[in-house]
Amino acid sequence: MVTDSSSPDAKMRTRDVSVFYGAKQAVDSVSIDIHSEYVTAFIGPSGCGKSTFLRALNRMNDTIPSARVEGCIELDGEDIYRSSMDVVQLRARVGMVFQKPNPFPKSIYENIAYGPRIHGLAEGKQELDAIVEKSLRRAGLWDEVKDRLSDSGTALSGGQQQRLCIARAIAVQPEVILMDEPCSALDPIATARIEELIDELRGRYAIVIVTHSMQQAARVSQRTAFFHLGKMVEYGHTSDIFTNPREERTKDYITGRYG
Amino acid sequence: MSEVATTRTPAFEARLKKRYAAERRFRLAGLGAILFSVAVLVFLLGTMTFNGIGGFQRATLSVPVDFDQVGLSLPPGVSDTGAVSRALEGQGLPDLVQFSVERALGKQAAAELNSDAWRLVAEQVAEDPALLQGTHTFDLPVTENFASALAGDGHAELQPLARQLAAQEKLERSFDAGFLTRSDATDPQQVGIWGALKGSILTMIVTLALAFPIGVLAALYLEEYAPRNRWTDLIEVSINNLAAVPSIIFGLLGLALFLGVFPHMRSAPLIGGMTLALMTMPVIVIAGRNAIKAVPPSIRDGAMALGASPVQVVFHHVLPLALPGILTGTIIGMARALGETAPLLMIGMRAFVATPPDGFTNPATVLPVQIFLWSDEIDRGFVERTSAAIIVLLLFLLLMNGVAIYLRNKFEKKW
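Protein chains in written order, with my numbering: chain E, 6 to 264; chain L, 250 to 664.
Heads up, some of the hints might be wrong.
[Stated by the list, open to error] As a list, the in silico DSSO-like pairs of lysine-lysine whose alpha-carbon atoms are at most 30 Å apart:
1) E:K111 with L:K659
2) L:K356 with E:K105
3) E:K111 with E:K151
4) E:K111 with L:K542
5) E:K29 with L:K542
6) E:K151 with L:K659
7) E:K130 with L:K542
8) E:K105 with L:K542
9) E:K105 with E:K139
10) E:K111 with E:K130
Honestly, the hints are just simulated from the structure, not real lab data. Keep in mind that this is a model prediction, so the values were computed, not measured.
Chain E extracted, bound-state conformation (with noise of 0.2 Å):
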């Protein structure tokens, strides 16, 4: 273990967390710290758990009848499985971006207008304009769309529609932002841009993502997991990982070995 994952102001904390769904194990024993300030990235191969684990951060898996969590997360040194843990308010505050582009289809307005109208984070008209903007400047989509904001959202381009999604997700101002594999579905220009823009909210939001790109992860998070089989194999500095591995297994999959 690197020794910075037990500090004591990580913002999340995992610790011996397991996912089963039904009898089968997905993620065992995984302990991690997430920190605010940095973007910490995911990586492994197909069903290593990665996106698993990733939904337990803000119980996602909830709503698979047949998923079961055990060990401890804690967000702030709460844990959010204890039963007085509202989950709706947790996702408020540990909000998501899936791995394909998910709009409502409703007006691009009312995409981003929609989780500050249910947590009324707004009072009135204008200040929810102003988080409108706000939200959508910092996804780097406002001058965009700032003409048609009351297009459908599904009428964007995909990587504008997965900005779109993003800003949904930094308008109800959460603390913890999980994207997986957000990139997925794009090109490699739309890539590159959501890539930009994760490397301008890092330090505002503490970010987690799940990738199958090494290039991707190297580029963008200063942390990085590398998980194979439902395990965390290694977690340290991105730099560490992916030049000076400690694990055999590490080295194997970063050098294209299998995966």
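Assemble the complex: chain E is given as a structure, and chain L must be docked to it using the hints.
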């Protein structure tokens, strides 16, 4: 490379030809099916319109009535049609009308005047009391036999007179606006469709008000909240079976259940609507569940990840997206309910109801039952009236479908 590629051999090209031929055959078969359906529909609508158009007309005698010779007057403060009719009847209006016909067109024609003809005069007087001064010409209905004679259909002894009066333009068939405002009667010259139409409207309102919310809520619960286990499987199978139960069984259920609880509401639209709601609900549940299933899970995930509560996910995202599909299912169910006769016969909606229902608990009949009753009548005049009633039923159905399509498009555009 002297060998020809496999995709360029004669055998391959022969197979290719066969594939295209199969596609052509399939297209022709599909086109044939469409043409056949269209032809059947055109034939159906054509015969209906051809037969039914006469049902909207009736034979009337053009008769001048001289009110001054008897001096009828309305009691002060009477304006209601029923009261006016009673007052004028007491003062001898029926005799005056009879006499006017006799004087203008002869004794034989007067004998063929519809016995209720004076009521038409009374109705017009009720609308305009000034008519009681001077001489005015009224178009008065004739007897059923005379109307048949005019159509050249039986009653040979009356046909010469009918032809003679028609030649003088004293007897003619004209559009009968009253058909749309009157109710059932024993005389086909006097029947109207309004009572049955209003009964149908009231019944449909009850059906929709019960079946739509219950059906949608059941579909939402089963899809979004219910755990998947043996019990929900059982409920699903039961609902699917319920949709396939013959409608008369629902009538028996309504008879035993609803009329058992409200015995004095026999023939009421409320009971009819409740019975039809039982029948419509499973259709809405099945259509609703399919529509809800078709909402992409990514939308649910997206909303949930923003911190929407389950009920917000359902009402803000799932339901609006599923609504067009639910509406389609609803309109199919409602169209079936509108055309349903058997269950309503069981709960007494086949009674002879000569006045339109005033509310949900008044005795009423509905369009399909009215059609069924008229088709059973012996008088020839009812044949045309039956076709006319069918046209009204089809138009009502068309209107309902039109509203549903409008609503569906509206909801689809909004998203």
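Status of the hints after comparison with the structure:
1. E:K111 with L:K659: 14 Å, holds
2. L:K356 with E:K105: 89 Å, violated
3. E:K111 with E:K151: 16 Å, holds
4. E:K111 with L:K542: Cα-Cα ~20 Å, so holds.
5. E:K29 with L:K542: 27 Å, holds
6. E:K151 with L:K659: Between E:K151 and L:K659 the Cα gap is close to 26 Å, so the pair holds against 30 Å.
7. E:K130 with L:K542: 34 Å, violated
8. E:K105 with L:K542: Holds, because 19 Å separates the two Cα atoms, which is no more than 30 Å.
9. E:K105 with E:K139: 24 Å, holds
10. E:K111 with E:K130: Holds, because 18 Å separates the two Cα atoms, which is no more than 30 Å.
Against the hints set out earlier in the document, violations occur for numbers 2 and 7.
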